[in-house]
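A.B. asks: Generate the whole structure from the sequences, applying the supplied hints.
Here is what each chain is made of, one letter per residue.
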Amino acid sequence: MSKDEVILLDFWVSPFALRAKIALAEKGVEFEARQEDLLGEKSELLLKSNPIYKKVPVLVHNGKAVNESTIIVSYIEDTWPTPSLLPPCAYGRATARFWADYVDKKLFDGGSKIWRSKGEEVEVAKKEFIEILKVLEGALGEKEYFGGDSFGFVDILAIPITAWFYAYEQYGNFKVEDECPKISAWIKKCLERESVASGYPEPTKVYEFVGLLRKMLGLE
Amino acid sequence: MRPHQSFERLAINIGDERLPKNNKRDRLMATDEVILIGFRGGPFSLIVEWALKLKGVEYEYLDEDLFNNNKSPMLLQYNPVHKKVPVLVHNGKPVAESLVIVEYIDETWKQYPLLPDDPYDRAVARFWAKYAEDKCKTAAFSVFATVGEAQENATKEAREILKTFEKGLRGKFFGGETIGFVDVVAGWIAYWIGVIEEITGINIVDKETMPLLSEWFQNFLDVEIVKERLPPRDKLLEKNKIFREQLVAAST
Numbered sequence: 001m002s003k004d005e006v007i008l009l010d011f012w013v014s015p016f017a018l019r020a021k022i023a024l025a026e027k028g029v030e031f032e033a034r035q036e037d038l039l040g041e042k043s044e045l046l047l048k049s050n051p052i053y054k055k056v057p058v059l060v061h062n063g064k065a066v067n068e069s070t071i072i073v074s075y076i077e078d079t080w081p082t083p084s085l086l087p088p089c090a091y092g093r094a095t096a097r098f099w100a101d102y103v104d105k106k107l108f109d110g111g112s113k114i115w116r117s118k119g120e121e122v123e124v125a126k127k128e129f130i131e132i133l134k135v136l137e138g139a140l141g142e143k144e145y146f147g148g149d150s151f152g153f154v155d156i157l158a159i160p161i162t163a164w165f166y167a168y169e170q171y172g173n174f175k176v177e178d179e180c181p182k183i184s185a186w187i188k189k190c191l192e193r194e195s196v197a198s199g200y201p202e203p204t205k206v207y208e209f210v211g212l213l214r215k216m217l218g219l220e
Numbered sequence: 001m002r003p004h005q006s007f008e009r010l011a012i013n014i015g016d017e018r019l020p021k022n023n024k025r026d027r028l029m030a031t032d033e034v035i036l037i038g039f040r041g042g043p044f045s046l047i048v049e050w051a052l053k054l055k056g057v058e059y060e061y062l063d064e065d066l067f068n069n070n071k072s073p074m075l076l077q078y079n080p081v082h083k084k085v086p087v088l089v090h091n092g093k094p095v096a097e098s099l100v101i102v103e104y105i106d107e108t109w110k111q112y113p114l115l116p117d118d119p120y121d122r123a124v125a126r127f128w129a130k131y132a133e134d135k136c137k138t139a140a141f142s143v144f145a146t147v148g149e150a151q152e153n154a155t156k157e158a159r160e161i162l163k164t165f166e167k168g169l170r171g172k173f174f175g176g177e178t179i180g181f182v183d184v185v186a187g188w189i190a191y192w193i194g195v196i197e198e199i200t201g202i203n204i205v206d207k208e209t210m211p212l213l214s215e216w217f218q219n220f221l222d223v224e225i226v227k228e229r230l231p232p233r234d235k236l237l238e239k240n241k242i243f244r245e246q247l248v249a250a251s252t
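For the record, the sequence lines run as chains A and B. Note that UniProt numbering has the first sequence beginning at 1, numbered continuously upward. Note that UniProt numbering has the second sequence beginning at 1, numbered continuously upward.
In short, the hints are calculated from the structure, not lab data. Please note that the accuracy of each hint is not assured.
Going by beta-carbon spacing under 8 Å, a handful of chain B positions derived as facing chain A [what the hints assert, rightly or not]:
1. 81
2. 96
3. 120
4. 123
Once the Cα atoms are required to be at most 25 Å apart in a straight line, the calculated BS3-like pairs of lysine-lysine come out as [what the hints assert, rightly or not]:
5. A/48 with B/167
6. B/55 with A/64
7. B/135 with B/93
8. A/106 with B/84
9. B/163 with A/64
Every residue, glycine too, gets a C-beta built ideally from N, C-alpha and C.
C.D. replies: Below you can see the structure in the form of structure tokens.
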């Protein structure tokens, strides 16, 4: 049986690329991560395999390209079914996909608003972000993970974005631990996993990167 | 309280040992309660109706009074997070977000599969479904809700987005020779672009610049179960003309 060729077009600070890396690691799939320089020139492979969005991550599996991080994680789940990241019943899967969609629509953009805003808007953005976290806290409930007893689909999609929380806290002047202790506890639990910890960027480095983005946007 | 009643009926049927096996199964299927909370003045409930119809699933349809922004207690109870339609309620359990609902329907009722089996083909289908939802939806709505220069820019962008979307076609349909996941999820575009064009007086899709997409509009709208569910065009035009005026007035 010939070996699977799995390449991931990656960028160290991208929470979306980290989703794919965690999913592959959870499945025990060997892959080659190729760093893209997103502030410089994009590689030919990136432009060829993701012509519409030109973004990372891109998963290239035996020459075929899969784009969009949530779709990549679903693809990984479909291709390497064990251990499974989604519950077996249709309703449980629908619930997971609903929260995955919520995380996709709200979490990263909500946080970004905090550091992209000026003056009074920052406080508004911070309040909105805390509301989003509270909704997620409600979804987590008393469970260890969003997936229940086992780390799963929604956990994988959400945990990488938490590496950016320190930056949000600095610019928004708040602490996630004070506002949403259950989310804080969930983050710590997830970071105990090798699959998460190995690719998780240093929050202070992410904060520096955000500073760079702010300069580029003329915010400082 | 309908959901409780349906649970009781279900429980009675499951517990009735006197019924021979296949009868019990038939009774169970007959008491499968499927409710769709939707809005016929807008496009997105059609997505779920087409999915259910293709699979031959019987459902009860409840229309929300959204032109008057009058959301029912049932909607607020079943979709507290977003408070939006469509919401599918299956034996009392709610599922929200149209893409999530369609995948749920596909996994629950196996006849007429919408997503292909192969993981790569599924990823491609999900990609175009998401493109339709993220890009096409926003583009169409931007043209609808703006005026002047903003509308000119929105129209230019919408044309580019739809031209790109055309690339997802795999023959007659996005699903190949028969309708699939993307067709069901994006099919509202085939009907609604015409409605938006008539209300705004702007041409977004034409046969010269997007020949394949134009053909798909025709082919999709020709399908029997698609045609059946389409709300009457004149009503849509009338109500949405007013809605557009309100939107434009609110933004200026």
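A.B. asks: Work down the list of hints and note, for each, if the structure agrees.
C.D. replies: Hint check results:
Given hint, residue 81 of chain B at the interface with chain A, holds; its Cβ is 6 Å from that chain's nearest Cβ, closer than 8 Å. Taken as an interface hint, residue 96 of chain B checks out: its beta carbon lies about 6 Å from the nearest beta carbon of chain A, inside 8 Å. Below 8 Å, beta-carbon pairs count as interface contacts, and residue 120 of chain B has one with chain A at about 5 Å; its hint therefore holds. The restraint placing residue 123 of chain B at the interface with chain A holds, with a minimum CB-CB distance near 4 Å, inside the 8 Å limit.
Of the pairs offered as hints, the one joining residue 48 of chain A and residue 167 of chain B holds, with about 15 Å between alpha carbons and a cut-off of 25 Å not exceeded. For the given pair, residue 55 of chain B sits about 31 Å from residue 64 of chain A by alpha-carbon distance, which is inconsistent with the 25 Å threshold. Restraint check: the Cα-Cα separation between residue 135 of chain B and residue 93 of chain B comes to about 30 Å, which exceeds 25 Å; the hinted pair is violated. Taken as a hint, the residue 106 of chain A and residue 84 of chain B pair is honoured in the structure, with Cα atoms around 16 Å apart against an allowance of 25 Å.
Distance hint between residue 163 of chain B and residue 64 of chain A is fulfilled; the C-alpha atoms sit about 23 Å from each other, no more than 25 Å.
Hint compliance for this structure: hints 6, 7 are broken, all remaining hints hold.
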